[in-house]
Amino acid sequence: MRLLLQGRRDYAETEAAMRGFTEARTAATEDEIWLVEHPPVFTQGIAGRDAHVLAAGEIPVVRTNRGGQVTYHGPGQVVAYPLVDLRRAGYFVKEYVFRLEEAVLDVLGAVGVTGHRVRGAPGIYVRLDDPFGHARLVPRDDDPFAGLGKIAALGIKVSGHCTYHGAALNVAMDLQPFERIDPCGYKGLKTVDLRSLGVEVAWEDAARAFGQALARRLAPA
Numbered sequence: 001m002r003l004l005l006q007g008r009r010d011y012a013e014t015e016a017a018m019r020g021f022t023e024a025r026t027a028a029t030e031d032e033i034w035l036v037e038h039p040p041v042f043t044q045g046i047a048g049r050d051a052h053v054l055a056a057g058e059i060p061v062v063r064t065n066r067g068g069q070v071t072y073h074g075p076g077q078v079v080a081y082p083l084v085d086l087r088r089a090g091y092f093v094k095e096y097v098f099r100l101e102e103a104v105l106d107v108l109g110a111v112g113v114t115g116h117r118v119r120g121a122p123g124i125y126v127r128l129d130d131p132f133g134h135a136r137l138v139p140r141d142d143d144p145f146a147g148l149g150k151i152a153a154l155g156i157k158v159s160g161h162c163t164y165h166g167a168a169l170n171v172a173m174d175l176q177p178f179e180r181i182d183p184c185g186y187k188g189l190k191t192v193d194l195r196s197l198g199v200e201v202a203w204e205d206a207a208r209a210f211g212q213a214l215a216r217r218l219a220p221a
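All residue numbers for the sequence shown refer to full-length UniProt numbering, where the first residue is 1 and numbers rise by one.
Some hints here could point you the wrong way.
Below, computed lysine to aspartate or glutamate pairings styled on EDC-like, alpha-carbon distance capped at 16 Å [claimed, not checked]:
#: 1; residue 1: Lys190; residue 2: Asp143
#: 2; residue 1: Lys190; residue 2: Glu179
#: 3; residue 1: Lys187; residue 2: Asp142
#: 4; residue 1: Lys157; residue 2: Glu15
#: 5; residue 1: Lys157; residue 2: Asp85
#: 6; residue 1: Lys157; residue 2: Glu23
#: 7; residue 1: Lys187; residue 2: Asp143
#: 8; residue 1: Lys190; residue 2: Asp130
#: 9; residue 1: Lys190; residue 2: Asp174
#: 10; residue 1: Lys190; residue 2: Asp129
Calculated from the structure, these hints are not laboratory results. In this text, all values refer to a predicted model and were calculated from it rather than measured experimentally.
Let's have the full structure, built from the sequences with the hints guiding it.
Written out as structure tokens, the structure is:
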């Protein structure tokens, strides 16, 4: 599996390149993981509702064919695009999503941050009052996101058993644009990054760590 740190790239250009790679690949094509940073952009999933974009302002809104609702990409975020042949890897989509989340948990754990899953809400979350604690998360039935901040979002597409789109890890961003949407379709969901938790990591270091964690976790079953 090849890791490609591509740096700052336009979102629409990157999405078109992913589609082209996926359409052209064969059974012999080596899997790749692209690691990029995008200029400010809101992206809508295939079933995304316009009502979740509260005030886009000068930031463009791009419709995509990935799953999920609206999210924000911008400088200081590591976006990973695994281009993986699931049939060759030997696992299905549900396990693929689990492995993506495990890679995020690996990266957070390496800097002392404890990530959590929330049932029915793909992505990784942290406790706002104790992001470094290890207590088991017990979500409230009335508000599963109470006391949590989202630090990583997922949105994937699978075509012909091959994946594209992927996962975004917030490292050191301007978080204000997240307040202009309902992140991932959840009204009032707070979004955080490593810097807001007190962890300083260079984008290149975070990207490299994320790519290596994904390469480990997405290895064939």
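Worksheet entry | Violated hints, by number in ascending order, as checked against the structure | Structure breaks no hint.
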